[in-house]
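Trainee: Construct the entire structure; sequences and hints are all you get.
Residue numbers (my numbering), protein chains in the order written: chain A, 1 to 319; chain B, 1001 to 1320; chain C, 2001 to 2274.
Check each hint, because a few of them may be wrong.
[Claimed, not checked] So the derived label-pair ranges between C-beta atoms look like this:
#  : chain 1 : residue 1 : chain 2 : residue 2 : range
1  : B       : T1268     : C       : L2021     : 51 to 59 Å
2  : C       : S2161     : A       : A108      : 36 to 44 Å
3  : C       : L2012     : B       : A1208     : 53 to 61 Å
4  : C       : V2015     : A       : I63       : 54 to 62 Å
5  : A       : S226      : B       : G1259     : 56 to 64 Å
6  : A       : W131      : C       : Q2220     : 33 to 41 Å
7  : B       : G1059     : A       : A135      : 37 to 45 Å
8  : C       : L2038     : A       : E94       : 47 to 55 Å
9  : C       : S2161     : B       : A1305     : 38 to 46 Å
10 : A       : A108      : C       : G2036     : 40 to 48 Å
[To be verified] Away from chain A, derived, C-beta distances all over 10 Å, residues of chain C:
#  : residue
11 : F2014
12 : V2040
13 : A2042
14 : P2047
15 : G2048
16 : R2108
17 : A2167
18 : H2182
19 : P2185
20 : Q2217
21 : A2230
22 : Q2231
23 : L2257
24 : D2264
In short, the hints are calculated from the structure, not lab data.
Every residue, glycine too, gets a C-beta built ideally from N, C-alpha and C.
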Amino acid sequence: MSPLFLARRLLTLLLTLFVASLLVFGVLELLPGNAAQLLMGPDAAPEAVAALAEKLGLNDAAITRYFHWLTGLLRGDLGESYAYGTPVATLIAERLALTVPLALLAMALAALLALAAGVFAASRHNRLGDWLVSALSQLGIALPNFWFAILLILVFSVGLQWVPAGGFPGWGEGVRPALQALALPAVSLAVVQAAILARVTRGAVLEQLHEDYVRTARAKGLSRRSALWGHVLRNAMVPVTTVMGLQFANLLAGTIVIENVFYLPGLGRLIFQAIANRDLTVVRDCVMLLAAMVVAVNFVVDLLAAWIDPRLQQQGQRA
Amino acid sequence: MLEVDDLRIRLHGTELVRGLSFTLGAGETLGLIGESGSGKTLTALALMGLLPDGAQLSGSILFKGQDLTALADKAWGALRGRRIAMVFQEPMTALNPLHRVGDQVAEPRRLHLARRAGEARQEAVELLRYVGLADPARIADSYPHQLSGGQRQRVGIAMALACGPELLIADEPSTALDASQQAHVLATLAAMAAERGMALLLISHDLALVARQAQRLLVMYAGQGVEQGPAAALLGGGAAHPYTQGLLAARPRIGVARGERLPALPGTAPELAELRGGGCAFRERCRLAQEACRKSPPLFAVDPAHWSRCLRVEEALREH
Amino acid sequence: MRRIRTNAKLSLGFVLTVALLLTALLSTVWTPWPTGELDVLAKLQPPGEAHWLGTDSLGRDVASLLMAGAQVSIEVGLIAVAIGLGLGTALGLLAAARGGWIDELLMRGADLGFAFPAILTALLFTAVFGPGIEIAIAAIGLHAVPTFARVTRASAREVLSRDYCLAARACGRGAWDITRRHVLPNVLPVLIVQGTIQFALAILAEAALSYLGLGTQAPQPSWGRMLAEAQTFLFSAPLLAVFPGLAVMLAVLGLNLLGDGLRDLVDPRLARVR
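Mentor: Rendered as structure tokens:
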């Protein structure tokens, strides 16, 4: 991989993160009133409020607070949460231990499902199988994931009683119970993603199948299957991976909602609780973290795509 | 080595190749000439078993005694790339943009000759050197988009030659290149064919270009062969079909007086879907056309090795 | 074959979308039962003669709530799409026309915008301003801006590179003139298609936000909130959870199909591999 390309992408990544942090910080600056006041409630004594304000460093200028926050982020020190009394970093780390595996699980499921469906549809182009997959993916895209989750709960928890209807036992109790708790959430997230990805996969595979180099491959003696796996799929993966990266933001948004459906103690629920507690520092840190995750994932996806398709390294291209 | 007899290919209800017959021996180069739409590419694809879905084939194609028209797909896998190979017209799109060139050249050897990756890579570099590419090791590591058109076409040739095929089909191998490279690529092909005793089918729309490399020429028009004979004879004023004569006359050449227009064949090739009834397909554009040409002209032998599908062969030869 | 598929998509999408609009419109003047009417004695009833789709935990008629919920969905969808379209198109045109560093900057900005899904922005705004339907509209609208900007830019660039635009510029026509006469009419079909699709996304997002309690607030009926309430009564009245979600899905499906069908019409080139 060209080092210049890597350096450019890295620079873009850092710049984007920087601007994102400015935005997130900036929005919270719009808050009318005093953050300390909000935290303590309208009935708190003015001296207590002033003391808290001092402690939280709220009296410093905005720029100072911003840099304080930024350096704290980089160091991993996010101060203490007023509501919980624990270091925010610890809090977030705990919650991440649920959100990240959930997101990854959902993405993996979606990818597998989409690949199978997409390749199947492409191989049955314009016949019943293709039409069926297209119809199903239309339904899948329109499906609200939280509704699907509720329906799943209805069937599998209330009806069949295979899995719990919510909650998370934590990883300490063993991997199996934890995965059981994550099963329905992951599936409800995966289905919508899979629908979107299946369409892209199908389109990408079909497009590649019509390319000349497939004919060349067959002229060299490859069977249809070898040509599919060795040539077509690999080339089709580029647009698919790119879309997966773009979809990651939606996936994270989905996990926030799904965590609420299943009462999972993840990052999404933390944000909610923080909002309810008026704990703005936590909100800010969580939102920043989520945005950073999205940007980071897209960065990795960009590199991956460029690795598969070296032509992408040349232009300063726009998708 | 190759015997094609009354090959007919029907696609979407229209017969696009209408009874083509020719032979090709080992070490021989046959030039297949025709304009776009004449059916030459379909013929090439038929020889590789790569006709598009829905194409119907009739007639026989005998490759060393084996009938290719009846071959199952699995059996084709052993032939394609190994004993019969093809070089395609568009070098840019014929190569997989995401694979290194060296890997693509090595692929047939790994597939058919069970070469391991390292060996195959070495052999690929050697092949690239053989087809005339400078710095073959670097080229083997490159991707198609990093090479020029001429280089890519040579890569295509290297890929086709990889397993030492007995029959090589080159479909417009130089059309996508600029003039300076065209003759060079064709000469390379012909030289390799001679060296290896390989039968070479050179397909092109450019008669003059191919004639230099081929021993025999077969001219196609509207899905049929209209003239076949020794290249020297055809070029040297012995063309016995009005169409061939027209093609030759339209060549830009030194000696044409300033202001004098190059003779061009009037009209365009007929839409095969609209060709109904018998009769010579060329009669609408032919300077020698008569009433009698409404009936399909049979083949007339000018020589034992030279035939023309024209009723008025004698006049054609005379007036030329 | 392809033509039949396009028409099927269009027809179905059209029918569903019109049904949605008509339901919303109708609900402003008539619903089977008044939406605000509580009849606690008749709570959690399954579908029956009096209440076609049953009643919720407070005895309100589900069918009426569903109809009224369409109003909110459409309201949010329309305004959010208007915001996204307005801002996004302007920015996209600017990027296409000016090029250079403005283009780079705007496109990087769009990339950044994609990193903030509507829910995230909505959460952030809610933290600052408190929950409300305006928050939902703003968040969803803002999220749509990058998409519209991208689409407009791509389309505008293609138009601007065409010969007649170059000729117009050579004749000395001003940028605004060219934009108005040539670019906009060509960009319009693409915008209509994208607008339909974004409308669908907006309805989906609104439902999610009101499910979380962030969007439409009580007592305004909303499909998302109906689902949230239904979840607590999953054991006793499972059907309550089915209808609101179904409504969302049908609305989104209809708009998606319509948008897809329109896209096939507008750009048959893109429909090449179908």
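Trainee: Decide, hint by hint, whether the structure agrees.
Mentor: We went through each hint and held it up to the structure:
1. T1268(B) <-> L2021(C): 51 to 59 Å: Holds, at about 54 Å.
2. S2161(C) <-> A108(A): 36 to 44 Å: 42 Å, holds
3. L2012(C) <-> A1208(B): 53 to 61 Å: Because 59 Å falls inside the window, the suggested range holds.
4. V2015(C) <-> I63(A): 54 to 62 Å: 57 Å, holds
5. S226(A) <-> G1259(B): 56 to 64 Å: 59 Å, holds
6. W131(A) <-> Q2220(C): 33 to 41 Å: 40 Å, holds
7. G1059(B) <-> A135(A): 37 to 45 Å: Roughly 43 Å apart at Cβ, these two residues keep to the hinted range, so it holds.
8. L2038(C) <-> E94(A): 47 to 55 Å: With a Cβ separation near 42 Å, L2038(C) and E94(A) fall outside 47 to 55 Å, so the hint is violated.
9. S2161(C) <-> A1305(B): 38 to 46 Å: 56 Å, violated
10. A108(A) <-> G2036(C): 40 to 48 Å: 46 Å, holds
11. F2014: With a cut-off of 10 Å, F2014(C) remains clear of chain A, as the shortest Cβ separation is near 15 Å.
12. V2040: 24 Å, holds
13. A2042: 23 Å, holds
14. P2047: The assertion about P2047(C) holds, with a minimum of 16 Å to chain A.
15. G2048: 21 Å, holds
16. R2108: 7 Å, violated
17. A2167: 26 Å, holds
18. H2182: For H2182(C), whose nearest Cβ neighbour in chain A is about 22 Å away, the distance exceeds 10 Å, so it holds.
19. P2185: 24 Å, holds
20. Q2217: Consistent with the label, Q2217(C) stays out of reach of chain A, its closest Cβ about 15 Å off (over 10 Å).
21. A2230: A2230(C) not clear of chain A: closest Cβ-Cβ about 7 Å, inside 10 Å.
22. Q2231: 6 Å, violated
23. L2257: Incorrect as stated: the minimum Cβ-Cβ distance to chain A is 7 Å, not above 10 Å.
24. D2264: 13 Å, holds
The structure fails to meet hints 8, 9, 16, 21, 22, 23 from the earlier list, while all remaining hints are met.
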